[in-house]
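Student: Sequence:
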Amino acid sequence: MVISDENNPNIMKPTTNQEGLEETGVRKFGQEIRQPRRALRVINQNLVGPQAYPCVVNKRGLSERDDFCEKNLANPAHRPITRRLASQISSSREQKPPCPEEERRKLKQIIPSKNVEEQEMIPGFDHPIPMALEETDEYDPMEEVEMEDVIAEDHIMDIDSCDAKNPLAVVEYVDEIYDYYRKMESYSCVSPNYMAQQMDINERMRAILIDWLIEVHDKFDLMKETLFLTVNLIDRFLSEKAVVRKKLQLVGLVAMLLACKYEEVSVPIVEDLVLISDKAYTRNEVLDMEKLMLNTLQFNMSYPTPYVFIKRFLKAAQSNKKVEMLSFFLMEVALIEYEMLKFPPSLLAAAAIYTAQCSINGFGQWNRTCECHSLYSEDQLLECSRLMVSFHLKSGTGKLTGVYRKYCTSKFGYTAKCEPAQFLLETKP
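When we follow this note's numbering, the leftmost residue of the sequence shown carries the number 148, and every step to the right adds one.
These aren't lab readings, by the way, just hints derived from the structure by calculation. All values reported here derive from a predicted model rather than from experimental measurement. Note that the Cβ used here is the ideal one computed from N, Cα and C, for glycine as well. There may be inaccurate statements among the hints.
[Claimed, not checked] In silico DSS-like links for lysine-lysine, alpha-carbon gap of 27 Å or less: (1) 438 to 564; (2) 438 to 458; (3) 393 to 438; (4) 553 to 458; (5) 371 to 330; (6) 371 to 426; (7) 541 to 564.
[What the hints assert, rightly or not] Here are the simulated distance ranges between beta carbons: (8) 525 to 315: 49 to 59 Å; (9) 337 to 409: 32 to 42 Å; (10) 469 to 546: 25 to 35 Å.
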């Protein structure tokens, strides 16, 4: 507070300068750094233009920014953010800071204006243009769709993630287990010409035996693993021992008995097998053949069959129940045919699934996941698949119709009546 007193000469009177500020002999605290207030029109003279981009930090005017660029362009740290990012992406192409006229021209090319009102809504040209607006390439939505298709095709699905908490699935060791199966499947295969050493039986008799065993297997309601192991034991035994015609049925019965002991929980008794053979053999004959077969095969019954591979490949194919049923139908039809012995079990399983997909969908469908887990490409499956299609076409005709009649029931969803994939036969090998 300043007290004015005319009678007191020590007290100075306040005076007023030209700008309306009081001047006294004693300055107020902070008054030496106080600047005169600017008029509101001076502050807002550069804000009449359109609103700037909210994402842009640099808010200098054109003249200030040009001076700033000329002084600090040599130092990369002082370049605008958008320019630094562009230089990192395209290090080989140096870009000069565009002048304001070039920025206006680029922005007009990128954002076509329809009328004057829309042009007024475009952000101001006196600010740096974001990188997103500097891209002059036209956006093509088909490129994104095609890229998604390529990624989907190349993607290999983790088929074991759903069983991570299932201890019976042994997810930690499943890959090693199937690697072992692949090493051992060559030992389970027999020579495709082993019938040449048999003097009293032929390929036709083998087909009749297996067709009959498929009906027996269905009548006893045994597991699918049992059937595939039974056929494997028969072929391995016949490739080692010469058998007379009247003992061939006994070999089949004993092979099924051993497979039941290995796979089933409830095993048929010997008397049931004697009865189903119309008492053609005695109990002692069955037991003697059992000992002979085990000694010939050296008790090796753990070789992989097509069943262990087809379960894994069905999981990789993400197949439904219909594809699964048709795959097993084609597999059992292939068991009867002697010429299918030239294919390893894993290839038979993969070809059955591929053929089933072709029959149901009407086109070939073998993605990267199936190829990764089966280790077979689509071209490698075509020969076996074409044979399966031909067997499917004639499965309901002739005398060997056991598999066809089995899969024409409601229990198996009338799978045998599915239309074969004949287009595979029309394609060139």
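Student: All hints, please: hold or fail.
Tutor: Verification of the hints:
The straight-line distance between the Cα atoms of residue 438 and residue 564 is roughly 42 Å, outside the 27 Å bound, and the hint therefore fails. With a CA separation close to 32 Å, the supplied pair residue 438 and residue 458 exceeds the 27 Å bound. With a C-alpha separation of about 18 Å, the suggested pairing of residue 393 with residue 438 holds against the 27 Å cut-off. Simply put, residue 553 and residue 458 have alpha-carbon atoms about 20 Å apart, close enough for the 27 Å limit, and the pair holds.
In summary, the hint linking residue 371 to residue 330 is supported, as the alpha carbons are separated by about 23 Å, within the 27 Å threshold. Between residue 371 and residue 426 the alpha-carbon distance is near 26 Å, which keeps this suggested pair within the 27 Å criterion. Taking the CA atoms of residue 541 and residue 564, the gap is near 12 Å; set against the 27 Å cutoff, the hint holds. Our hint of 49 to 59 Å for residue 525 and residue 315 is violated, since their Cβ atoms are close to 32 Å apart.
The given range of 32 to 42 Å is broken by residue 337 and residue 409, whose C-beta atoms sit roughly 19 Å from each other. About 28 Å separates the C-beta atoms of residue 469 and residue 546, a value consistent with the hinted range of 25 to 35 Å.
Hint violations for this structure: numbers 1, 2, 8 and 9, all remaining hints satisfied.
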